[in-house]
Structures are given as structure tokens and as C-alpha cells.
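Peer 1: Listed below, chain by chain, are the residues.
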Amino acid sequence: MTDKKIIATISLAGCFGCHMSLLDIDERLLEFIELVEFNRSPLTDIKKITRECDIGFIEGGCCNDENVENLIEFRKHCKVLISVGECAIMGGIPAIRNTIPLKECLEEAYLNASTTIKSNDKKIIPGDPDIPKILDRVYPCHEVVKIDYFLPGCPPRADLLWEFLYALVTGKPFEFKYQTFKFD
Amino acid sequence: MKHDITSIIKRYNDDPTRLMDILIDVQSALGYLSDSTIEQIAKILDVSRVDVVQTVSFYHFFARAPRGKYTVYLNDSVVAGFYGRENVKEAFDAAAGIKFGEVTADGLIGLFNTPCIGMNDQEPAAIINERIFTKLTPAKARILISGMKAGKSIDQLMQEVLESNAKPSLKNSMIENNIIKKGAVIFSDYIPGSALKKVLNLSSLEVINIMKNAALRGRGGAGFPTGMKWDVARKIHSRTKYIFCNADEGEPGTFKDRVILTAMPKLVFEGMALAAYAVGARDGIFYLRNEYRYMREYLEGVLKEMRADRLLGTAICGKKGFDFDVRIQFGAGAYVCGEESALIESAEGKRGEPRDRPPFPVEKGYLQKPTVVNNVETFGSVVRIIQNGAAWYNGMGTEHSKGTKVLSISGDCANPGIYEVEWGFSVNDILKMAGAEDVQAVQIGGPSGSCIAPNEFGRILAYEDLATGGSLIIIGKNRDLLKDVVLNFQRFFADESCGSCVPCRALTVVCVKLMERVIEGKAAKTDLDDMISWAEIMKKNRCGLGQTAMNPVISTIKKFRELYDKKITAKDERFNPGFDLKSAVSDYDAIVGEK
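Protein chains in written order, with the working numbering: chain A, 1 to 184; chain B, 185 to 779.
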């Protein structure tokens, strides 16, 4: 048990698609859990990292201060941090808002959208210590902490995730095929 | 107004490939290019609106909104910065009551920045309504603005700020030539037509062989053998061939072509005619950067004289069948058009985006015809080689670099200006000539060249060592190399990238942001490693300009690493010092009203 690598995973401003892709390694999951022990992860429902980890698997970029806090926690406790997928690497779909000032985004969401225009009659944009603060823009993870590896894709294919994680955990060579990063 | 547009387009035979000229003339008649103007131009030329828009939007002198009755384009070059540009800018701002990038509410004055306008030896300089104002000061800026408010003409404005000891090189101009050292090739006694008369008895192949024997290499920077280029064009069978002179001179810090054209214009045009004779071309196009539009009348006059003297036109020097003429094609403000295939695209009325090669312009260039593109200085050298022979030319310079080079020297030195020297001079020799002391670095060949440190000042200017298109910017010890020089250059590249290749389009912008962080002390060592690793990716860009667009950062990280290391203060490398949570949430705090 002790030679198992410890892995933690998280979805920040992502859609859990990268995690779904991880599940798509199918029966290889059985082989995987022989090699690693999951610490904090949606798969274990552990809410805080409980011990030093070998690998941190990051899905999604940072759109609020809670994302930042979690990412920093991962960086502090994981030897190797991986940005997995478009959102972690570039901000992805959430970063579409980066061209629009935050004020306009929040007004559209809370004041002017057809679903809120009638229900939010006090014209409140929520601000409360219990809810995360929205950042001025969506940041890719490497703009907040040092990232060791970047796995592209939306989501990265299950085979790619498997081949990469397998190589990382076992220390075997990994070939980054041209098709992996050539999309058009 | 519609009538104006129609008659202007008629002037160019309704030819869409003359779109640049059409747009320049229409803008000069109407002040700017509105959406409806663009619509009309497209309709008359029978092209789509977008075809016109894409050209208009590419060049920074084309205005889609009014830019003022008086439009000030203040030069934003590094050396202008050395000579107090910021103070001049603030004086313009304050006097006009607007910020740069804006036009006064009454539409009278517009203030804009523009990249290097080729006046590095007389900075700070500005273009105001196509005329150039040099050696500006805050006081002069205030005089100019109050003159504009009083409705004075450009000539009157110029008189008011012209210094009494100034020696302008042209009528109605403030610009000085500042030729400090004359050499044997370009700046020496010259009788127009003598080379043309000499070649009449030679075959085209003989002319080309003389160029080959002289080992003349292109003076634009790349150094391609001129004779070889001409020979390819000569051998291609085509009834139509073109000779292009590249006078786009957009590399910041370079101004030699401006001076050559002012002092020796006939030498250059005669060189074009010689090239035409050698390759069998009848049409010449002289592509001149828009910044030099003040030379238009002067150069048109020179061409007229040469036609009258039978040095251009039909039956040149009385030789039947030797017909060649030159027309001036203006650009509209785009650095990348100095790249020969981009220059050809631009001359065809399109965005100045470099073409894929092959085919090379010499095979399929302007309008898909064989086209020889050479630099101003190259054509000048050609004339001398014919006059004095290959052996004479060959006797000057070094093993792989023959003849002389005209250098544009500027920055922190006593005597900025034009120096024509034989190849093989060391940087030290040149610094001594220019009267430069306490030198921190020398930028050779403009931003796309390299920045060298004092321990390399023994190196020589030659294709085999420090190749250069001719610009040397001397940077004194008192300058902040990263902020005043490198950041300026990287911003220039981010602005001037044509956007065609992803690495050039994206990484130039990312590089500016990273450099800003480096300067603020918010970068990590890994940021420097990243930038170094991008140098390889930049090599995948299509054109030479894109390939070198990160040279300012790369060459200074290599040679002035300690300046960068001083800025890297972060202790814990696991966290990116560029990210500041407090400022990232400040917008939100303000919106929800949190203190």
C-alpha cells in the first residue's frame, strides 16, 4: 500500500467533463487504483487534502476566490500539478466573459436577464461572506501557480489521460503524439 | 462627395489593384474613410465591401473616423523617448485639452502615436498633416497647438518652430540630412546617366555578371546576392516584369533611405533603370512609406527631370527598345510591408501580409509576374559598380561583405546621423566616430536585430559577423534598458504583427504582458524560461519579421541576464508572483459595495 502514489483531483471553473473523461478509461480504472490512492477528489468526496500528495489533477481555471484558494492548497500539497483540459490551460468557455467588464456580466446575470428581471425586484447583485467573490476575469491556472504539465483537450481523451497518468505514476516513458495537440 | 470618389477612382482606371492609391486620395479629399465611403468605393470597383475594409483596417494611417483638421502623429520610437518625448506628449495633451488617441470636440485637432517615422537623428519628431516636425520641445508643442487653434497653415506652423540655425535639406521642410561621413559608393560625386550610357554597349548578361563579380548583396538586411536575383528574373520568359524599389524603411532606428533619397534620388532611379535593362523589365514601382509622403513633389519632380533627360521613359539614352518608367506607390503605415512579398501584396491594394514561398517574387511577384525587389541603397550601389567596375567595388570591405554600408546612427551619442563606411568597421570604431561615451548597449539592425553588450564591441559590421540593414541605436548607461528599450520594441512588434501566423500574433502580445510584469518585479524565473523557449516557436512564422519579433527580449535575456535577474524577487517559485488576489477581486468588491 505504501508505494502507491497519492493523487488529488479537483474541478475549479470547469464542467466536470475532464473528470468524466477520466472515468472513461473504463476497466483501466481497476488497474489505476492498484497504482494510486485518491485523496481529495470528487471521486472520494474528501473535502480537504489530508496528506502530502504526489499528483494534483486540476480541471478548470479560476473564476472566483474560492478557486484560487483551492488551487493554492493543491500547489502547497502536491509535488506535481497538472492543468488538465482547455479551461485549466486557457480559461476555456468561462473565459469568454473576459472580454466583457465584470459589472456588465453581473448586471446581465442578476438584473437584466429575462429570468431575473421580474424575480429580483430589489435589484440585488449578491455579495456575502459566504459566497465566493468573482474575479475580474477568468485566469488560467498557470497565471496563479506554477503548473508542471499541461494536458490539452476539451476534454483530453480518456486514452491520453490514461497513457499520461500511467507513465507519470510508473515512471515509464510517455510519447506525446503529434495528433494529441494537432486539432485541425 | 460621390462625384469626388468617382473621379478619383477614374484616375486609376477603376482598377481594384490600385486600392492603396485610391484610398489615400479619397482620404486626403474627404478627411477619413467612412462606412458609406467604403461602400461606394466597393461598388464602383465592383468588389465586396469587405475587400475594401480589410485593406483600410490594416494600415494605421487609414482613418475610419475623423482624426481632426490637424492630425498630429507623434513618433513613439525608443530614441524619441530618450530625447524627452513624454514631456512633449504631455504638452500636446495639456494644450489641446485631450489625450492621445482622441480628437477635440470641435474636430480641429487629433493626437495620435505612431511608430518610428525615420527621424531618429532629430527627435522627438511628429507628422502633422503629412509634413514632418523635428526636434520638438514642450514649448514648441504649445506653439503648434495655439497656431492650430488660430487656423494657421502648416507652412506657417513650421516657420514658427523652425530653429534659426537649422539647415533643412528640402524646401518647406525642417528635416536635416545630417550626413556626417561620406563614403565612396553612395555619397560621392555623381553625374546622372553615366552608368546608363555605359551599359548600352553591354548585354543584359554582362551587366548581371558585373554584379556577380562585384559580389553585391542586398542592402535591406537579408543580404541576398543581387546578381543572382537578377539572373533568375532575366531567365524567366515573360513579356511583363517589374522592378520594385523597397523604400518602406520601417525598421525603427533606420533613416538612411530617407537621406539617400533626399541627397541622391537620381542615383536610385538610375539603379532601377539598370536593373530593368538587366532583367528586361519596362515598369518600375517605387514603394515609399507613407511617413515620407512629404517627399512626393520632390521625387515626382526628379522623375520628371529624368524623363526630360531621357534617363527614364521610352528609348532611354536614345536606345530603341530600352523603355522603362517608374511610378511612386505609397504605403499607409505598416512595418511588415518592408518584407518584399508583403510589400507586393500592399502594392496590389491588399493587406500587407507576407506570402508563402515558393514561389518567390522573382518568379511570381507583382500581379503574378517576375518581380525584382531591391533596397534603395542596393540600387544606388548598382550605379557605382557599373561606373567604376566590379574590381573597384570588390576592393572595399571584407571577405564576404563588399563595398560600403550606409549606417543610420542615433541614440546616446554626440553626432547622430548618416555614416557611410566600408564593411568591417568594429562597433568600437563606430562609437568613437559618433562620439558615444558610457555606452550600456548597442542595438544593431533595429529591434529585429540584436542588442549587444560592451564585451562584444570589438565585433565587426559584416554579413559574416554583425549583419545589419544599417541601423545602430546607441543606448547609454543611464537608460533603463528593459523599460525604455525592450518593452518599447516588444510593443512595436505586438502592434505591427500582421496577424497571419499564430505564434507572431499571440506571443508578441503575451510577451508584452510578461515584460510589463518583469519590469514591475512580478515575474518568476520560469517566465524568463518560457520566453526563451518561445524563440524556437517564433521561428515557425512565415516571414523574417515574425521570426525575429521576440529578438529584443531574447537577445537581452542572453546578454543582459543580470538586469532580468534583479527584477525576479519572488522567493517561492511555486506561486506566480504576477497574480494578485486583492486586485483580482477589487472590481467585484466595488460592484457589491464592500469596503
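Rather than coming from a laboratory, the hints here were simulated on the basis of the structure.
We put the beta carbon where it would ideally sit given N, CA and C, even for glycine.
Some hints here could point you the wrong way.
As the list claims (entries may be wrong) - In silico contact screen, one side only, chain B against chain A (beta carbon under 7 Å); selected entries:
#  : residue
1  : Ala226
2  : Ile228
3  : Leu229
4  : Val231
5  : Arg758
6  : Phe759
7  : Asn760
8  : Phe763
9  : Asp771
10 : Tyr772
11 : Val776
Stated by the list, open to error - Facing chain B, according to a computed beta carbon distance under 8 Å, are these residues of chain A, among others:
#  : residue
12 : Leu30
13 : Ile33
14 : Glu66
15 : Val68
16 : Arg75
17 : Lys103
18 : Leu135
19 : Asp136
20 : Tyr139
21 : His142
22 : Lys146
Peer 1: For every hint, state whether the structure bears it out.
Peer 2: Okay, the hints, checked on the actual structure:
1. Interface hint at B:Ala226: violated, since its Cβ lies 29 Å from the closest Cβ of chain A, which is beyond the 7 Å cut-off.
2. Checking B:Ile228 against chain A by beta carbon gives a least distance of about 36 Å; that is not within 7 Å, so the hint is violated.
3. Below 7 Å, beta-carbon pairs count as interface contacts, and B:Leu229 has none with chain A, the closest being about 33 Å; its hint is therefore violated.
4. Below 7 Å, beta-carbon pairs count as interface contacts, and B:Val231 has none with chain A, the closest being about 29 Å; its hint is therefore violated.
5. Annotation: interface hint on B:Arg758 holds; nearest CB of chain A at approximately 5 Å, less than 7 Å.
6. Restraint check, B:Phe759 versus chain A: the minimum CB separation of about 5 Å is within 7 Å; hint holds.
7. Nearest Cβ of chain A to the Cβ of B:Asn760: about 6 Å, under the 7 Å cut. The hint holds.
8. Checking B:Phe763 against chain A: minimum C-beta separation of about 5 Å stays under 7 Å; hint holds.
9. Interface restraint check: B:Asp771 against chain A, minimum CB-CB distance 4 Å, threshold 7 Å, status holds.
10. For B:Tyr772, the suggested interface contact is upheld, since its CB lies about 5 Å from the closest CB of chain A, less than 7 Å.
11. At its closest, the beta carbon of B:Val776 sits 3 Å from a beta carbon of chain A; the interface hint therefore holds under the 7 Å criterion.
12. Checking A:Leu30 against chain B by beta carbon gives a least distance of about 33 Å; that is not within 8 Å, so the hint is violated.
13. Interface restraint check for A:Ile33: the shortest CB-CB distance to chain B comes to about 28 Å, outside 8 Å, so the restraint is violated.
14. Proximity of A:Glu66 to chain B is violated relative to the hint, the smallest CB-CB distance being about 11 Å (cut-off 8 Å).
15. A hinted interface residue such as A:Val68 counts as satisfied when its beta carbon comes closer than 8 Å to some beta carbon of chain B; here the least separation is about 6 Å, so the hint holds.
16. Taking 8 Å as the C-beta cut-off, the interface hint given for A:Arg75 holds, the closest approach to chain B being about 5 Å.
17. Against a cut-off of 8 Å between C-beta atoms, the interface hint on A:Lys103 holds, since the closest Cβ of chain B lies about 5 Å away.
18. Because the smallest distance between the Cβ of A:Leu135 and any Cβ of chain B comes to about 4 Å, under 8 Å, the interface hint for this residue holds.
19. Interface hint status for A:Asp136: upheld, as the beta-carbon distance to the closest one in chain B is roughly 4 Å, under 8 Å.
20. Interface restraint check for A:Tyr139: the shortest CB-CB distance to chain B comes to about 7 Å, inside 8 Å, so the restraint holds.
21. Restraint check, A:His142 versus chain B: the minimum CB separation of about 7 Å is within 8 Å; hint holds.
22. Nearest Cβ of chain B to the Cβ of A:Lys146: about 5 Å, under the 8 Å cut. The hint holds.
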